[in-house]
Amino acid sequence: MELLIAIAIGSLTAAGVYLVLRKRSFAVVLGMTMLSYAINLFLVVTGRLVIDRPPILQGGAASYTDPLPQALVLTAIVISFGMTALVVMMALGAFLEGGDDRIDMPRRDLTGADRKPPGGTARPGHRPEGGA
Amino acid sequence: MSPVLIALLPFLGALLPGLMVRAGRGAAASACAIATGLALLGLCLHIPAVMAGEVVATRLPWMPQIGLNADFRIDGLGLLFGILILGIGLLIILYARHYLSREDAAGPFFTYLMLFQGAMTGIVLSDNILMMLVFWELTSLSSFLLIGFWKHLPEGRQGARMALTVTGLGGLAMIAGMLMLGQIAGSYRIGDILAARDAIQASPLYLPALVLILIGAFTKSAQFPFHFWLPRAMAAPTPVSAYLHSATMVKAGIFLMARLWPVLAGTPEWFAIVATAGLVTMIVGAVIALFQDDLKGLLAYSTVSHLGLVTMLLGFGTQSAAVAAMFHIVAHATFKAALFMAAGIVDHAAHTRSIARLGGLRALMPLTFAIVAVAALSMAGIPPLNGFISKELMLEQATLTGAVFAGLATLGALVSVAYSLRLVVHVFMGPERDDYPAAPHDPGMGLWLGPAILAALVVVIGLAPDTTAGWLVGAATSAVTGQAQHVHFALWHGVTPALMLSVAAIAGGALLLAAWVPADGLRRALPRADAKALFDAMTLTAERWARRFGDGLTNGSMSRALAAFMLTAVICGVAAWETGRAGPPVRPMLPVQPVAAVGWVMAMVAIGCTVAFHRRRILALVLVSIVGLIVSCGFIYLSAPDLALTQISVEVVTVMLLLLALNFLPKRTVLDTGNLKRGTDAFIAAIAGLGFGGLAYAIMRRDFAFPSISGYMLENSYKLGGGDNVVNVILVDFRGYDTYGEITVLGIGALAIFALTETLLSGRSAQRLRHWVHDMRRAGDRHPLMLVVATRVILPISLVVGLYIFLRGHNAPGGGFVAGLVVSIALVMQYMASGFAWAQARQNIPYHALIGLGVLAAGVTGAGAWFAGKPFLTSAYGYFSLYGIEPFELATAMGFDTGVFLCVVGAVMLALNSLSRIARAAGQRVNVRPMDIDLTGGRR
Chain A
68 MELLIAIAIG
78 SLTAAGVYLV
88 LRKRSFAVVL
98 GMTMLSYAIN
108 LFLVVTGRLV
118 IDRPPILQGG
128 AASYTDPLPQ
138 ALVLTAIVIS
148 FGMTALVVMM
158 ALGAFLEGGD
168 DRIDMPRRDL
178 TGADRKPPGG
188 TARPGHRPEG
198 GA
Chain B
10 MSPVLIALLP
20 FLGALLPGLM
30 VRAGRGAAAS
40 ACAIATGLAL
50 LGLCLHIPAV
60 MAGEVVATRL
70 PWMPQIGLNA
80 DFRIDGLGLL
90 FGILILGIGL
100 LIILYARHYL
110 SREDAAGPFF
120 TYLMLFQGAM
130 TGIVLSDNIL
140 MMLVFWELTS
150 LSSFLLIGFW
160 KHLPEGRQGA
170 RMALTVTGLG
180 GLAMIAGMLM
190 LGQIAGSYRI
200 GDILAARDAI
210 QASPLYLPAL
220 VLILIGAFTK
230 SAQFPFHFWL
240 PRAMAAPTPV
250 SAYLHSATMV
260 KAGIFLMARL
270 WPVLAGTPEW
280 FAIVATAGLV
290 TMIVGAVIAL
300 FQDDLKGLLA
310 YSTVSHLGLV
320 TMLLGFGTQS
330 AAVAAMFHIV
340 AHATFKAALF
350 MAAGIVDHAA
360 HTRSIARLGG
370 LRALMPLTFA
380 IVAVAALSMA
390 GIPPLNGFIS
400 KELMLEQATL
410 TGAVFAGLAT
420 LGALVSVAYS
430 LRLVVHVFMG
440 PERDDYPAAP
450 HDPGMGLWLG
460 PAILAALVVV
470 IGLAPDTTAG
480 WLVGAATSAV
490 TGQAQHVHFA
500 LWHGVTPALM
510 LSVAAIAGGA
520 LLLAAWVPAD
530 GLRRALPRAD
540 AKALFDAMTL
550 TAERWARRFG
560 DGLTNGSMSR
570 ALAAFMLTAV
580 ICGVAAWETG
590 RAGPPVRPML
600 PVQPVAAVGW
610 VMAMVAIGCT
620 VAFHRRRILA
630 LVLVSIVGLI
640 VSCGFIYLSA
650 PDLALTQISV
660 EVVTVMLLLL
670 ALNFLPKRTV
680 LDTGNLKRGT
690 DAFIAAIAGL
700 GFGGLAYAIM
710 RRDFAFPSIS
720 GYMLENSYKL
730 GGGDNVVNVI
740 LVDFRGYDTY
750 GEITVLGIGA
760 LAIFALTETL
770 LSGRSAQRLR
780 HWVHDMRRAG
790 DRHPLMLVVA
800 TRVILPISLV
810 VGLYIFLRGH
820 NAPGGGFVAG
830 LVVSIALVMQ
840 YMASGFAWAQ
850 ARQNIPYHAL
860 IGLGVLAAGV
870 TGAGAWFAGK
880 PFLTSAYGYF
890 SLYGIEPFEL
900 ATAMGFDTGV
910 FLCVVGAVML
920 ALNSLSRIAR
930 AAGQRVNVRP
940 MDIDLTGGRR
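Protein sequences, first through last, are from chains A and B.
Using this note's numbering, you'd call the opening residue of the first sequence number 68 and step up by one each time.
Using this note's numbering, you'd call the opening residue of the second sequence number 10 and step up by one each time.
If you are wondering where the hints come from, they were derived from the structure by calculation, not from laboratory data.
Fair warning: there could be bad hints in the mix.
Unchecked claim - Calculated pairs, DSS-like style, for lysine-lysine (alpha carbon to alpha carbon, straight line, at most 30 Å):
1) K676(B) to K686(B)
2) K879(B) to K728(B)
3) K160(B) to K541(B)
4) K90(A) to K676(B)
5) K90(A) to K728(B)
What the hints assert, rightly or not - Some residues of chain B that are not near chain A, with every Cβ distance over 10 Å (derived):
6) A66
7) V512
8) R626
9) D747
10) A900
11) V913
Unchecked claim - Residues from chain B that face chain A, not an exhaustive set, calculated with beta carbons under 7 Å:
12) T577
13) C581
14) G698
15) G758
What you are looking at is a predicted structure, and each value in this text was computed from that prediction instead of being measured.
Think of the CB as a built atom: it goes at the ideal place given N, C-alpha and C, for glycine as much as any other residue.
Okay, chain A solo, but in the shape it has when bound:
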């Protein structure tokens, strides 16, 4: 079982790293999610594999699994949600402001030239009906 879990962690890492190295923001978000899975799993298994012995105290139980990595990972999961949300918001903001979802800093940003509007989705002069 240890080998299978190690392979799963390795695959999650590899997939995560590959996606993080893409040039578009959404892939990077997916990659970061994958990497969080890998790291959280890794942290949990540093307490070694223990089956069916959750760290809930009860009379008669001989031993429990290591609770410390679990406590670490629990907050890590929630924080990684916060991080994902922030990154997604930044990606969205960059797309709305800059017109594309590349993550590299374009050279034209350094020279200050103007950027083009979002790729084909916005038609100036057209206003949707309704609205608040």
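Place chain B on chain A using the hints.
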């Protein structure tokens, strides 16, 4: 009053202007004045004890492990400087109240001023050099804010930057020097260091420590060659100049030299560096001051010169020279603060500070003239004013040191007489002019009272030096030299060499002023070194190199930087593995269970497919959530039910979040990388995966190298924390402080998201959003009947489930985190099913407030432990019974967990809410009823 409170009062006062400024500038100034006055009163109450030779000290352990303690002491030196800082501070507050114009923001100004005052008071009352360094850096920062207070003036900004750069760099050097000093003495307490003179002077580290500390002191006190920042700082409002450059900031370096005088002074190195630097500064400053056209510039360079004088006296290293130095500090503070304030009055009245455009103000501003005349004559060293006494003392010490020093000191004094007289003659004497930029007149009492008090002091100290200042100077000198000093000052000592030199200096100075016009012509003909140009060139070069270095490292390509990071991580990991020692893989492997194997195969397929199809974004999202689900199941398998609960609920909110975001992002990723790039990335990914997986395998096959601390947690979870769920007890009790930090981070993240949304909803992107056309057709029934009904039925049930999970958290899987997520999901479901506007109208909860409330609740619960005399976040628990239900447990940890719960709900909802607001801005129609049908079918 405790010395701690005295040092703290100005900081407390700094909070007041922000609260009071709505009631007007007067209220803000009064609040500051009260805080300052209280601190001054508290300090003065210690005068009898200090005069009796006591050192009032308090000790508060802060980080005793590294020798950092909040130790304060009041001895003669601290008393002298404290009275100067707080006393002149009081006058400055009065002056500033009337000086600032209506456009100036009085609130920030007084806040900065009080911060600065607190930092200075902290320096002079510190009994621990590490803490003194903290205050030292604070003076650099707060003076930066004060000097650059007029943000619209480029000179103000440049001057502030230069002051910060020079004094900040000096501060860095001083930190190194102070650490060395502490190392040699074996303690960072000033009391201990002062007792370790022999050890320090015998140490090989003495010279480096001395040089580094002196760099700090010289930069702060504007000693040559670091003097150039001070005149540039004159772009500050005049109250700032009067405070910083007469009594306080520039005296900090002097104070430090005096404070460490017993251990550092008296060696040839000390004499060579300090006395020489002081002498050169005195002469250079005086000569430049003589030719300044700006009133404040003249005063600034004269300050440089006088600081040089005090430094030189300290450099002599004799006890009588120290007496002279202390006396001159008092004298200089009185006359220079008065002069600066008077310069501000002239500027205020005549709308110019250029000496060339002034003159003949004697009859127009008689009161100001009187103040300036008294103060300037004191600066020139004319009897019977206090400047005469200190100048005599200085010349006497220079005569004792040697002919060279005597001659050059007299030269310095001579030039000083010339510029002091010039201040009177060129500004106030001469014929009245008719081309002043504004009609000069004497100001109201608020402006002249402060300098007038100081001018009166100048006279009184001169006439009765022993009764007015002698005792204080004596106490200060006793503290500096470490031996009780009984000082005696007098105007008349008989005909001494010092008197002869003094007379020569006055006569020569008057002659020099008479020949000012030809002298100025001569100076113009000579080449000059401009320190500012030099400084600018240096900073530009440093910036250019930093830019070159930074650009060389990264070209703006994120994936390149990340690839470099990944490779570095792998290389470090391999190196650590190769050089470290790991035991043999002794743990037996667990057998593979069929269900686990099936889950594993599914996960691997999903991972592979995610990578393969990641460009089809919605599909990739589905695949990732499959991986997440299996990871959650894996947590159950690995005996981690809490994690499984958390992971699965986070999974739900993450998918919702990404779906909402995908609404606006392209649904497909364009293929824009070549085969080579993808191949390289795949290679990097493969070795990263191999490395991390291999490491996981290696760890799992080995036993713990050291006994784990988890045993303690398991054993004491119930005994100390009162809970059976060890993970929850660790979160809310054993490691509660970590959790407290984490919910704060989560809250900050959510607030950042909110702020980003605010930005996006204004400006260019808002315009784009208004004209947004969705690239996918929308469903006709946006709010399907089935979903609406189902979520409404489920809402109360899921809220109860959330409550249940929260309550059981201490003893069974659950707790604030999971409960918060479950409740958020229940609420978000309403948004999704019934529409944002409809749901918002019915659950108008301010989510930011929820985050704040959560952090507060957790903090208050933690602080509650203080009242029981326990450390922060210690929890207590007990069993209670109510009629009708069985006994149940209540723990204070529950209050903390409530904080966690509120924070998580607030953060998750704020994040999702922000995305919904963007959707609304993009023209999503607002429904008034929970169910509606879009008859256009998404076509428009």
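### Non-interface claim for A66(B), where every Cβ of chain A lies beyond 10 Å
The claim holds: A66(B) sits with its nearest Cβ about 43 Å from chain A, beyond 10 Å.
### Query
Are the Cα atoms of K90(A) and K676(B) separated by 30 Å or less?
With Cα atoms ~15 Å apart, K90(A) and K676(B) stay inside 30 Å; holds.
### Separation of D747(B) from chain A, once the least beta-carbon distance is taken, above 10 Å
violated, 7 Å
### Message
A closest beta-carbon separation below 7 Å is what the hint needs, so does C581(B) meet it against chain A?
### Response
Violated, because the Cβ-Cβ distance from C581(B) to chain A comes to roughly 15 Å (cut-off 7 Å).
### Query
Is K676(B) within 30 Å of K686(B), Cα to Cα?
Holds - the C-alpha atoms of K686(B) and K676(B) are around 23 Å apart, at most 30 Å.
#### Entry: Given as non-interface: R626(B), which should sit over 10 Å from chain A by C-beta
The claim breaks: R626(B) does not keep its Cβ more than 10 Å from every Cβ of chain A (closest is about 5 Å).
### Pair hint outcome, K90(A) versus K728(B) [Cα-Cα no greater than 30 Å]
Violated, at roughly 53 Å.
### Query
Would the pair K160(B) and K541(B) pass a check requiring their Cα atoms to be no farther apart than 30 Å?
Holds, because 20 Å separates the two Cα atoms, which is no more than 30 Å.
### Query
Are all C-beta atoms of chain A more than 10 Å from that of V913(B)?
violated, 7 Å
### Minimum Cβ-Cβ distance from V512(B) to chain A exceeds 10 Å
holds, 67 Å
### Task
Please settle this one: A900(B) was flagged as non-interface, so is its CB more than 10 Å from every CB on chain A?
holds, 15 Å
### Query
For the pair supplied as a hint, K879(B) and K728(B), is the alpha-carbon distance within the 30 Å limit?
Since the Cα atoms of K879(B) and K728(B) sit roughly 17 Å apart, the hinted pair holds (cutoff 30 Å).
Hint check: violations occur at hints 5, 8, 9, 11, 12 and 13; the rest are consistent with the structure.
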